[in-house]
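Q: Now for the letters of each chain:
Number of protein chains: 2
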Amino acid sequence: MIEKVPALAQLCKELQRVPYLASKNLYRVATYFLTEKPERIAQLCKTILAAQQTIIACPICCVWKERNQPCVFCDDAKRDHTIICVVETWQELIAIEKTEGYKGLYHVLGGAICPLEGIGADDISIKLLLQRLEQKNECKELILAMNQTPEGEATAAFIARKLKDSSLKISCLARGIPVGSQLEMMDKLTVYKALSERRPF
Amino acid sequence: MIEKVPALAQLCKELQRVPYLASKNLYRVATYFLTEKPERIAQLCKTILAAQQTIIACPICCVWKERNQPCVFCDDAKRDHTIICVVETWQELIAIEKTEGYKGLYHVLGGAICPLEGIGADDISIKLLLQRLEQKNECKELILAMNQTPEGEATAAFIARKLKDSSLKISCLARGIPVGSQLEMMDKLTVYKALSERRPF
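Protein chains in written order, with the numbering used here: chain A, 1 to 201; chain B, 1 to 201.
Isolated chain A (complex conformation) (with noise of 0.2 angstroms):
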């Protein structure tokens, strides 16, 4: 039916494109687009039109700013200079600040080495990383805040081996039982790794 209103067709192949929209959500959303006020359509086109232009990842830590605006982190003198963290997203970079429990800079790699996926050291920002300690004096831990996946853990791997003969301090996040969860609902290597990095108590 779709493809006899044309209209229709090149609306769902154009939201096709955008992620975490794919196939039953893919028409929920179209009927979004269909039945809300133009004037919020409007609204809502204007804005992502404007983000692309105003917002820019910081040269230095690829988190994203406004165009001609300081960076909220690394023109944040309260910030402490010397430690960073280094995640895979932004959406990382997020789930950390929301502990408020971090107060140092960051370092955003804008994904993870994957060679099934064509993903290589050179296609996320870790040459820039590496600069970034060369040129900065600061800096004396770098937290390895990757995702606990494969890809997480070769991309952190990697970036330890290039910094095995700088005096950094390198730490990464502690595995374990997450906060609030039973023993008998993870799964074995989680429990394992939680028992063989156990801490004083």
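Since the hints were derived computationally from the structure, they do not count as laboratory data.
Check the hints yourself; a few may be wrong.
[To be verified] Ranges of calculated distance between the beta carbons of each label pair, as one might list FRET restraints:
id, chain 1, residue 1, chain 2, residue 2, range
1, B, Lys98, A, Lys162, 45 to 55 angstroms
2, B, Arg161, A, Pro6, 48 to 58 angstroms
3, A, Gln53, B, Arg161, 50 to 60 angstroms
4, A, Glu184, B, Lys162, 45 to 55 angstroms
5, B, Arg199, A, Glu39, 19 to 29 angstroms
6, B, Glu138, A, Gly118, 31 to 41 angstroms
7, A, Arg28, B, Leu168, 23 to 33 angstroms
8, A, Gln53, B, Gly176, 18 to 28 angstroms
9, B, Ala50, A, Gln53, 17 to 27 angstroms
[What the hints assert, rightly or not] What the simulated footprint calls covered on chain B by chain A, stretch by stretch (three residues with Cβ under 8 angstroms from a Cβ of chain A suffice, anywhere in the stretch; the number is not a length):
id, region
10, 57–69
11, 84–91
[As the list claims (entries may be wrong)] SDA-like, lysine to any residue: derived pairs with alpha carbons at most 20 angstroms apart:
id, chain 1, residue 1, chain 2, residue 2
12, B, Lys46, A, Arg40
13, B, Lys24, A, Pro19
14, B, Lys162, B, Gly176
15, A, Lys169, A, Lys24
16, B, Lys46, A, Val18
17, A, Lys24, B, Gln148
The beta carbon of each residue, even a glycine, is placed where N, CA and C say it ideally should be.
We have chain A already, so just place chain B on it with the hints.
A: For chain B alone, coordinates are given in the frame of chain A:
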């Protein structure tokens, strides 16, 4: 961090209104809008705005159609005009069309009766359906193809009650074990319905 980059905050706020983009996915979609080629984003926005201008609900069956174009169903003489299948939304219509096993007409209600969400019989196109059935003597059978949810069943019951004095044949979809499923994995209500509504072999 987001609230300190106003253009990013605005983007996230606007995207939050789009259904099925809640929480985690929101940031990933925002990333897509910030990193995709500008011409592609401009094209997406153009398509959305054009779709809202061009696509309307057919005044008879409420299926999406292009303004000034015939309805894919109502205006197709090859479809069986003696049978109307009532669905909640066009997503269900697409699911039925995919079977290629139905050649009749449709009526899209635009939702289901749900008092908890403040959706009453007048908020969906039931009145239009009843008018259509009164005016259109061709129709002989009405299939109530609502979802198997309390709301869907309440809506079907409401429509059936409204039509109890008409000579129309009213039917609904068969309930039972999905094709390819194992009995063991089904919930007991489905198994009960499949048993009590068993059919001759």
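Q: Indicate, hint by hint, whether the structure satisfies it.
A: Hint by hint, here is what the structure shows:
no.	hint	verdict
1	Lys98/B - Lys162/A: 45 to 55 angstroms	holds, 51 angstroms
2	Arg161/B - Pro6/A: 48 to 58 angstroms	violated, 40 angstroms
3	Gln53/A - Arg161/B: 50 to 60 angstroms	holds, 56 angstroms
4	Glu184/A - Lys162/B: 45 to 55 angstroms	holds, 52 angstroms
5	Arg199/B - Glu39/A: 19 to 29 angstroms	violated, 52 angstroms
6	Glu138/B - Gly118/A: 31 to 41 angstroms	violated, 57 angstroms
7	Arg28/A - Leu168/B: 23 to 33 angstroms	holds, 31 angstroms
8	Gln53/A - Gly176/B: 18 to 28 angstroms	violated, 55 angstroms
9	Ala50/B - Gln53/A: 17 to 27 angstroms	holds, 21 angstroms
10	57–69	holds (count 5)
11	84–91	holds (count 3)
12	Lys46/B - Arg40/A	holds, 14 angstroms
13	Lys24/B - Pro19/A	holds, 12 angstroms
14	Lys162/B - Gly176/B	violated, 27 angstroms
15	Lys169/A - Lys24/A	violated, 47 angstroms
16	Lys46/B - Val18/A	holds, 15 angstroms
17	Lys24/A - Gln148/B	holds, 17 angstroms
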